[in-house]
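Asker: Below are the chains, spelled out letter by letter.
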Amino acid sequence: MKISKKIIDNLKKGGVDFYLSVPCKLLANMIDILEKDNDVYYSAVPREEEGMGICAGAYLGNKFPCIMMQNTGIGNSVNAIVSLLQLYQMPVVFLISYRGTPGEPVGAQGGMAKITEDILQTLRIPMLHCSSEDDLEKISTFSKHAKVVESPVAILCDFNLMKDDK
Amino acid sequence: MNRFDLLNKIQNILKDNLVICNIGLPSQELYKINDQPNFFYMLGSMGLSSSIGLGLSLSQNKNVISIDGDGSVLMNMNTLATIGNRAPPNYTLLIIDNGSYGSTGDQKTFTDENTSLKDVAIGAGCKNVVECSGDETVNELSKAIEDQNNSYIIISKINSGNIKIDPIPLNPITIRDRFRKFIGIVKYL
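Quick note, the sequences are listed as chains G and P, same order. The numbers in numbering that gives the first Met the number 0 rise by one with no breaks, and the one at position 60 of the first sequence is 59. The numbers in numbering that gives the first Met the number 0 rise by one with no breaks, and the one at position 173 of the second sequence is 172.
Honestly, the hints are just simulated from the structure, not real lab data. Hints are not guaranteed to be accurate.
Claimed, not checked - What follows is a list of derived Cβ distance ranges for each label pair:
1. G:D31 <-> P:N138: 43 to 53 Å
2. G:S131 <-> P:S141: 54 to 64 Å
3. P:I172 <-> G:Q120: 22 to 32 Å
4. G:K24 <-> P:G124: 18 to 28 Å
5. P:D4 <-> G:G102: 57 to 67 Å
6. P:T173 <-> G:D31: 37 to 47 Å
7. P:K186 <-> G:H128: 33 to 43 Å
Ideal Cβ placement from N, Cα and C applies to all residues, glycine included.
Looking at chain G on its own, in the form it has when it is part of the complex (with noise of 0.2 Å):
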């Protein structure tokens, strides 16, 4: 929980008020406080690429979107990604579980995680790796560079960094 709290208080002091997710069991912490939390909006949502969607007119609202998924959701987004989010400047904080990484104990999710970093590179989306506790503490600057910017940005959290998160 400490992990995930962490996380959860950084991107709040970098202004992000407005959260959706599609699940994994790395994030389950984080939907679980974000659900208890009155201060900001919650929503799960079935596919990633819906939910750019939804950020995109959040965004149009005046809220600062996040959306919580697996580095698969990023697969399933790229369109969205580029002729919404890119094409009209929006920023927008995805906050990825990055699945297929040491620690990973399912074989087939290596595949989408050998090219997540390939994908968010060849997208121009910057990215913030966390691996360590420590790196946590770059989340709220981070995220508060995504709307100097008006873009999309990444936050990919290693499987180690979240696997033991009770």
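Please build the complex by placing chain P on the supplied structure of chain G, with the hints as guidance.
Answerer: Same frame as chain G, now just chain P:
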């Protein structure tokens, strides 16, 4: 009645509300009929008009109308479940259902065969789902906007067919900023 005729008929309702308009011909036709700063024209991301409007209606209090098409809703049907569970009363989804992919050459969609978007929306949990003719749409849309307690999905069954039209000349940041200025967020314009 085709889409251009319908948009002409409802323009007086649209001009007073926040409108998210579907990519391609719907946006181009709306721009030609009566361009307004409170119209957000989609230049990409087919399928997401319904979702963008939902996010906007959750984030501020003005009425929001998402103009979508049958082809686009078929592409993003999961969002009907999100609407059925989360849409606030200031949200209206207008699906212009002409049974075809108008912007790509009028290929038939599945609503021209066995699929009923009304049944899908009801099954997805949407409470106020109205299917009506093009002529009835003005009245149904007015009622939906006036009702401060419920969100609506209106499925307007019209004929396919397009007019000859040019792309929208506005750049995306202009569309974004004048829209947000209308809401009262952007102060520098």
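Asker: It remains to establish, for every hint, whether it holds in the given structure.
Answerer: Do the hints match the structure? See the list:
1. Remark: the range hint 43 to 53 Å for D31 (chain G) to N138 (chain P) is upheld by a beta-carbon distance near 45 Å.
2. Our hint of 54 to 64 Å for S131 (chain G) and S141 (chain P) holds, since their Cβ atoms are close to 57 Å apart.
3. Taking 22 to 32 Å as the suggested C-beta distance range, the pair I172 (chain P) and Q120 (chain G) conforms, at roughly 24 Å.
4. With their beta carbons about 26 Å apart, K24 (chain G) and G124 (chain P) fall inside the hinted range of 18 to 28 Å.
5. Between D4 (chain P) and G102 (chain G) the CB atoms are about 60 Å apart, so this pair conforms to the stated range of 57 to 67 Å.
6. The hinted window of 37 to 47 Å between T173 (chain P) and D31 (chain G) holds, with their beta carbons roughly 42 Å apart.
7. For the hinted restraint 33 to 43 Å between K186 (chain P) and H128 (chain G), the CB-CB distance of approximately 36 Å keeps it satisfied.
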